[in-house]
Amino acid sequence: MAATRKLQGEIDRCLKKVAEGVETFEDIWKKVHNATNSNQKEKYEADLKKEIKKLQRLRDQIKSWIASGEIKDKSQLLENRRLIETQMERFKIVERETKTKAYSKEGLGAAQKTDPAQRKKDEARNWLTSSISSLQLQIDQYESEIESLLAAKKKRLDRDKQDRMDEFRAKLDRNKFHVMKLETVLRLLDNDGVEAEQVNKIKDDVEYYIESSQEPNFEENEFLYDDIIGLDDVELSGTGVSLGIPSSATTDSNNSNETSGSPSSITSGGSPVQSPAPATGTQQPLQQQSATAAATTTLASTMNTTAAAVTT
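Sequential numbering from 0 applies to the sequence shown in this note's numbering.
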């Protein structure tokens, strides 16, 4: 009983900090948008980042309580988690604005000096990173909704709740699919395996998915990634060796070989080729084995000659 009261006290204090943090975040958010010069704006953006980090730490604590079986009524926890995630999404908007706008003459001058091809590549990379973050945030929200439905169930979910659960799971899987695709495109871009122009071809469809996938009549472009040349090849091979990207398959194989003590080499498109086992203390080099055999033969011949002499 005492432990329950102590836990409830910790939860109450945490939720109070969330409320205060959200209020502070809202005040700084207004200052960011009302800033009259770039110096003020940068200062408030830094303050906003500090505040969102505090809220994220509180969110991590709330998530651990949601996953715990000690708490029966998790509605308050789920509500506050969603509240923090809303502020995280707002902060992402500020970050995107910061990356796409130059607020100072120095920034504009540096942008003009940058190689045009490199500038396009940087813009494509920033866009990919931002899109992945937005999808990850939606994934967190879907997981939160699923946890909420699971926390509310007694024995079995009714038909409506089960349908909602299936819908959230389908959206969750689809978001994870897009995150995997975009992360692969990002690796290709970083390793010059794809041009920025190709990335720009998928921009509209990806942004449409992020903004509209939660609407009831949303229709997705199933051929969204067809314009990314080489993407299927990377995924089919299951490795990023040609791009200098470590793959889990290669890592697992190497780990397995290290564990077994038998080193192996992997050739492109081939199977692991086992190297000869190293010589042990009981195995002699070939020359030494030959010398031993010769000595044994000589000894046997001498013994036979001696035996013949004794008989005579």
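It cannot be assumed that every hint is accurate.
To be verified - In silico DSBU-like pairs for lysine-lysine, Cα to Cα no more than 30 Å straight-line:
1. K42 with K30
2. K200 with K52
3. K160 with K62
4. K120 with K15
5. K73 with K91
6. K5 with K30
7. K120 with K62
8. K200 with K91
9. K202 with K119
10. K119 with K200
11. K15 with K30
12. K48 with K15
13. K15 with K62
14. K48 with K71
15. K48 with K160
16. K30 with K73
17. K71 with K53
18. K5 with K42
19. K5 with K29
20. K180 with K202
21. K5 with K49
22. K160 with K53
23. K42 with K52
24. K120 with K180
25. K29 with K71
26. K49 with K29
27. K52 with K120
28. K62 with K91
29. K119 with K42
30. K91 with K170
31. K175 with K160
32. K175 with K91
33. K15 with K29
34. K91 with K49
35. K42 with K73
36. K62 with K200
37. K42 with K16
Stated by the list, open to error - Between beta-carbon pairs, the in silico distance windows are:
38. K30 with R4: 21 to 29 Å
39. K48 with E122: 20 to 28 Å
40. N33 with E206: 23 to 31 Å
Since the hints were derived computationally from the structure, they do not count as laboratory data.
Idealized CB from N, CA, C, for every residue including glycine.
Okay, the hints, checked on the actual structure:
| no. | hint | result |
| --- | --- | --- |
| 1 | K42 with K30 | holds, 10 Å |
| 2 | K200 with K52 | violated, 34 Å |
| 3 | K160 with K62 | holds, 22 Å |
| 4 | K120 with K15 | violated, 44 Å |
| 5 | K73 with K91 | holds, 27 Å |
| 6 | K5 with K30 | violated, 38 Å |
| 7 | K120 with K62 | violated, 37 Å |
| 8 | K200 with K91 | holds, 23 Å |
| 9 | K202 with K119 | holds, 13 Å |
| 10 | K119 with K200 | holds, 13 Å |
| 11 | K15 with K30 | holds, 23 Å |
| 12 | K48 with K15 | holds, 20 Å |
| 13 | K15 with K62 | holds, 16 Å |
| 14 | K48 with K71 | violated, 33 Å |
| 15 | K48 with K160 | violated, 37 Å |
| 16 | K30 with K73 | violated, 34 Å |
| 17 | K71 with K53 | holds, 26 Å |
| 18 | K5 with K42 | violated, 39 Å |
| 19 | K5 with K29 | violated, 37 Å |
| 20 | K180 with K202 | holds, 13 Å |
| 21 | K5 with K49 | holds, 29 Å |
| 22 | K160 with K53 | violated, 33 Å |
| 23 | K42 with K52 | holds, 16 Å |
| 24 | K120 with K180 | holds, 18 Å |
| 25 | K29 with K71 | violated, 37 Å |
| 26 | K49 with K29 | holds, 16 Å |
| 27 | K52 with K120 | holds, 29 Å |
| 28 | K62 with K91 | holds, 21 Å |
| 29 | K119 with K42 | holds, 28 Å |
| 30 | K91 with K170 | holds, 21 Å |
| 31 | K175 with K160 | holds, 22 Å |
| 32 | K175 with K91 | holds, 19 Å |
| 33 | K15 with K29 | holds, 22 Å |
| 34 | K91 with K49 | holds, 13 Å |
| 35 | K42 with K73 | violated, 37 Å |
| 36 | K62 with K200 | violated, 37 Å |
| 37 | K42 with K16 | holds, 23 Å |
| 38 | K30 with R4: 21 to 29 Å | violated, 40 Å |
| 39 | K48 with E122: 20 to 28 Å | holds, 22 Å |
| 40 | N33 with E206: 23 to 31 Å | holds, 27 Å |
Comparing the model with each numbered hint stated earlier shows that hints 2, 4, 6, 7, 14, 15, 16, 18, 19, 22, 25, 35, 36, 38 do not hold.
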